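2 protein chains.
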Amino acid sequence: MLKVNEHFLQLPGSYLFSEIARRVGAYRASKPEADIISLGIGDVTRPLVPSVIRALHEAVEEQAGEKTFRGYGPEQGYGFLREAIAGHYARRRQVALQPDEIFVSDGAKSDTGNIGDIFAPDAVVAVCDPVYPVYVDTSAMTGRAGTYGKDGRWSRLIYLPCSRDNGFCPQLPGPHDPVPDLIYLCFPNNPTGAAIKADALRDWVDYALRHGSVILYDAAYEAYITEDIPHSIFEIEGARSCAIEFGSFSKLAGFTGLRLAFTVMPHDLRVGGVSLNKLWNRRQTTKFNGASYLAQKAGEAVYTEPGQREIAEVIAYYQQNARQIRQGLSDLGLEASGGVNAPYIWLRTPDNTSSWDFFDTLLQQAQVVGTPGSGFGPGGEGYFRLTAFGSHARTAEAMDRIRRLFVG
Amino acid sequence: MLKVNEHFLQLPGSYLFSEIARRVGAYRASKPEADIISLGIGDVTRPLVPSVIRALHEAVEEQAGEKTFRGYGPEQGYGFLREAIAGHYARRRQVALQPDEIFVSDGAKSDTGNIGDIFAPDAVVAVCDPVYPVYVDTSAMTGRAGTYGKDGRWSRLIYLPCSRDNGFCPQLPGPHDPVPDLIYLCFPNNPTGAAIKADALRDWVDYALRHGSVILYDAAYEAYITEDIPHSIFEIEGARSCAIEFGSFSKLAGFTGLRLAFTVMPHDLRVGGVSLNKLWNRRQTTKFNGASYLAQKAGEAVYTEPGQREIAEVIAYYQQNARQIRQGLSDLGLEASGGVNAPYIWLRTPDNTSSWDFFDTLLQQAQVVGTPGSGFGPGGEGYFRLTAFGSHARTAEAMDRIRRLFVG
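Protein chains in written order, with this note's numbering: chain A, 1 to 408; chain B, 1001 to 1408.
Keep in mind that a hint or two might mislead.
Stated by the list, open to error - Quick list of the computed label-pair ranges, beta carbon to beta carbon:
id, chain 1, residue 1, chain 2, residue 2, range
1, A, R270, B, A1026, 24 to 32 Å
2, A, H392, B, K1278, 38 to 46 Å
3, B, A1026, A, R323, 55 to 63 Å
It is worth saying that the hints were derived from the structure and are not from the lab. In this text, all values refer to a predicted model and were calculated from it rather than measured experimentally. The beta carbon of each residue, even a glycine, is placed where N, CA and C say it ideally should be.
Let's have the full structure, built from the sequences with the hints guiding it.
As structure tokens, then:
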């Protein structure tokens, strides 16, 4: 008799952003005239840059011509894009990658979720706490997370606390702690906005090498780094034998609606003698039919000289918001981190207010929407995430309102 | 200690189309002047139609504007597209669907593979033989296929033979046969080009309802139907309680490079009391971030009046090739089926030649590339697939060469 995947039934019903939408909707219904500013969801708002727009129009024209039409592309991505990405790693980060170590896809959310396919179902997973929910939920869907407890913790996950006590950088498991097989690390971090320094990242690489773990490194926000720290885990020696890296065009070039990302699978990465590059290649060629040709041509344009200059301006635009939010909060005597190497600012709620209570206060008294930290895991309780992806004007207005709320 | 997903290691190494590419490459190296015509891979060749091109340019312009830029869309697809698809089902097939029963995605290959996520890992899977390899390989990746035998058969799969003896239409399991939990059906069929009549499809729906099975119905080629037979399994009474349907824009409108598809999950479909629509919604919102906005606007254009007229012309173009291929083969006294409701022609190799021997003969003596039937499973041995997606001129030239090969 057919049964559903029972692990799905363990997943808690309400998804963070649905609950936010529900509360905002209810408030809007009660105050239709309210001018709500969202610094909540992590989506970009600036239009695509001219080089990308030009590449898209050209690619559309190619699709209109009998001689230039392109159907199925390689499931792993077109050579022109894989080479452009490898070239960027070499030029900017002095990281040598073969093009066939890069797998182009439709999104880092897909890749960070799908990556579980190539590992044994009983692999032990470690996640930071707080954490981007996709790592946890996709682990839960395969049973790797175990059962969901009333305390909001999964029985089989190893949680790596990230709090102000450790500067939001997870500490290595101790010698008597269980050893994780798969370690999700995301730096610069969503949601805390914290970055990781080379020394700390090296410790993790060494740990993984020593214990045969694989690090799943989500570098979706690397373009927001302003300090002299690693953008890629492959800047660390040995990482090629223990790490997979996820890159994304979403926050790099505003491709959230266009859909383009990539996963780096070094040839040196083997588990039980098996090449993960080969397994991922088999997974992608079997369950995926390649990213859109248009998106890939757009991605290629990002790596041209004008493309790089144009996206740098957009990133600088968001970075200015980030600085403004963080400074504004600090000026109010609030405890805020992030925002320096990331588009996220992580605010400690004042007076130990719960994350959701603070959400309601901000919504109702300042008409500003953010994201309750507890939505990112138990370790996020008492925190609140603000994003730098708004316009300058609206971000400034939001900060004015928050100032008035606290100063009166 | 971390282990890989050992089911991956069961997968036979060489993938059908890679082996074809290898043999074609070797031949080309030995005869650089050869003019090879491919009627092999199932990819379209005609450019996108004007309505789609216009919609794409407009959507690109929206992405360039501050006020019209779109970032993340709903993971399930934009309402405008879900409503257009539902409208088409209602108008053309008298099938009533709610827009939230339609989940837009980047491809039917992804969906037919990923669908396994929502079922128990020990679900028993039935496939037609021959079959589109994705159903088998993705079942193998979760262990549902069991082990791969030397005879090219998987130990846990139920094979439903499709041969000339049953008109390439699978027969129901008998009363003493094992009952499959999941039944992959693809009609019009890839690779055989056979279609299914309403009566036969009704038998399958009744079987599934009686046994609590779920039919995974791949309707990717429905636009090629010329006879009065069902385009959608939901034209059959009761199917809403036992079937999932996969639709695709790839062969409908030439979106193989653009990437757009959808899955229909009726609300009536429950397994053990659980709504599969809800489970799939959870799967897609967690592991997928929506199809490209550009592709979705292009998909909307397909359902406009000019869009429908334009794609009908392209489909008619390919259908003419299909008729020509099938007629040409029949005129030579060869046994060929398909091509009437599908872009595929299924040829019985003459004199019991093996599929791969016939491939080599055709390549070396006529410089025509097709697909060996054995690549689609043991039941495909002794058959050969030709596709109708070439140009008129090249298809006619290929048929001339085949004629010369057989008639001399």
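For each hint, the structure was consulted:
Remark: the range hint 24 to 32 Å for A:R270 to B:A1026 is upheld by a beta-carbon distance near 30 Å. At about 41 Å, the CB distance of A:H392 to B:K1278 agrees with the hint of 38 to 46 Å. As the Cβ distance of B:A1026 to A:R323 is approximately 60 Å, the hint placing it in 55 to 63 Å holds.
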